[in-house]
Amino acid sequence: MTRLTTAPVDVGAAVRSVADPGNGATVVFVGTVRNQTAGSAVWHLDYEAYVPLAERQMAHIAAEAAARWAARVAIEHRVGRVMVGEVSVVVAVAAPHRAEAFEACRFVVEALKERVPIWKKEYGPDGARWVVPGTRGSGESSGIVEG
Amino acid sequence: MRVTLLLFGPLREKAARASLMLELSAGATAVDALQRAARLAGLPGEWLAGVRLARNGEYCEPDTPLEEGDEVALLPPVSGG
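Here the protein sequences line up with chains A and B, keeping their order. Sequence positions in the first sequence follow my numbering and run 1 to 147. Sequence positions in the second sequence follow my numbering and run 1 to 81.
One chain only, chain B, in its complex shape (with noise of 0.2 Å):
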């Protein structure tokens, strides 16, 4: 299945993108998506900590199932307001 990945923060700066598009199999589940994107963009495993996901853009579980066509966003730690 197709999946949209976006980046924010220091994630999309350090991966010098905003968005990914990946293939992934089915079955495949938010942080199987996480862990294929931070593959491609080069993202260490320290700049993950604290990460928060969302799917479709609500807050998700990493065990989150995907489906075909599902926008799943890398969230860092927050720091609005």
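If we strip away everything but chain A, and leave its shape as in the complex, we get (with noise of 0.2 Å):
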């Protein structure tokens, strides 16, 4: 099951989704939003996706993971505003054993965070910004910074 959502996730749903009798291990990761990034406190992240690519993307992860590490997987990935506190995201894996499990569920985050075309906004009391990929809080208020 992979899905995009602008509802808030439902990481049992998730958990529950990759259940089966032959999996002994299950590893869960759930990704909330910060209050604060490079010392600036942040109130909400605004998410944005080209939804097809997305989708289809997140199906490719999932299936890839799961041909690899003999695995069950779930992503969800929630759109528009996410509260700080709120889930962004969940990753479910099911395993028969738990090494495969961690290792499956590591790929599919990193893989997740490098392919899926979403982009998040950071809003707080210092201002707005895009968030870009392998900076921590050096992006200024407005624009495409390279870090």
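Heads up, some of the hints might be wrong.
DEER-style ranges, computed between Cβ atoms [said to hold, decoys possible]:
{"no.": "1", "chain 1": "B", "residue 1": "Ser25", "chain 2": "A", "residue 2": "Thr32", "range": "45 to 51 Å"}
{"no.": "2", "chain 1": "A", "residue 1": "Ala13", "chain 2": "B", "residue 2": "Gln35", "range": "42 to 48 Å"}
{"no.": "3", "chain 1": "A", "residue 1": "Glu114", "chain 2": "B", "residue 2": "Gly45", "range": "23 to 29 Å"}
Stretches of chain B that chain A covers, calculated by requiring three or more beta carbons in the stretch to come under 8 Å of a beta carbon on chain A [what the hints assert, rightly or not]:
{"no.": "4", "segment": "54-66"}
{"no.": "5", "segment": "70-81"}
It is worth saying that the hints were derived from the structure and are not from the lab. Note that the structure is a prediction, hence the values are computed from the model and not measured. From the three backbone atoms N, C-alpha and C, an ideal C-beta is built for every residue, glycine too.
Reassemble the complex: the two chains are provided individually, in unrelated frames, and hints are given to aid placement.
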């Protein structure tokens, strides 16, 4: 199961969706909105997606991980406004044994952050900025900054 | 040929629009669409660093040839998750 949602992410549903009697290990990654970045307070993130490609890439990544580690994979990513403390993404992976479940979950999270066309903009008292991958708060208040 | 160009994230914000209709000559490629859109939408060259291209919902190479009715997306460096 992979999907985008504008509603609050249901972590329990993701975990239940990968359950299988043959699996002895389930690893879950839950990404939540942090209240600060590089010393600046954050109120919320606004997530935007190129929906058809994002859905396609999430399905590819899940299928790749499922095949490589003989696992079941669920990914749910929220788009729109996500407040501090709320869940922006869940990745649930179930496999017969824990080594594969941990590795597959790590793979999915990293691949998601590299390949899925989703962008986030941070809002806080110091202003709003698009998050630039690979930087920690070194971006300016608008525009793309290579860092 | 007419193609639709989609903008996302900081590019969408800078251009103040989420899409453009482009009229391109036969043989135009994805990067041709990017360059035309950048001129029309006032996107400076440095804003296009790291931008990836997609054609009809799939990542594509800059030299991918386009066809009538295609949808090209300009995708800044992603920051999901």
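Against the structure, the hints come out as follows:
{"no.": "1", "hint": "Ser25(B) <-> Thr32(A): 45 to 51 Å", "in the structure": "holds (49 Å)"}
{"no.": "2", "hint": "Ala13(A) <-> Gln35(B): 42 to 48 Å", "in the structure": "holds (44 Å)"}
{"no.": "3", "hint": "Glu114(A) <-> Gly45(B): 23 to 29 Å", "in the structure": "holds (24 Å)"}
{"no.": "4", "hint": "54-66", "in the structure": "holds (count 4)"}
{"no.": "5", "hint": "70-81", "in the structure": "holds (count 8)"}
In summary, this structure violates none of the numbered hints.
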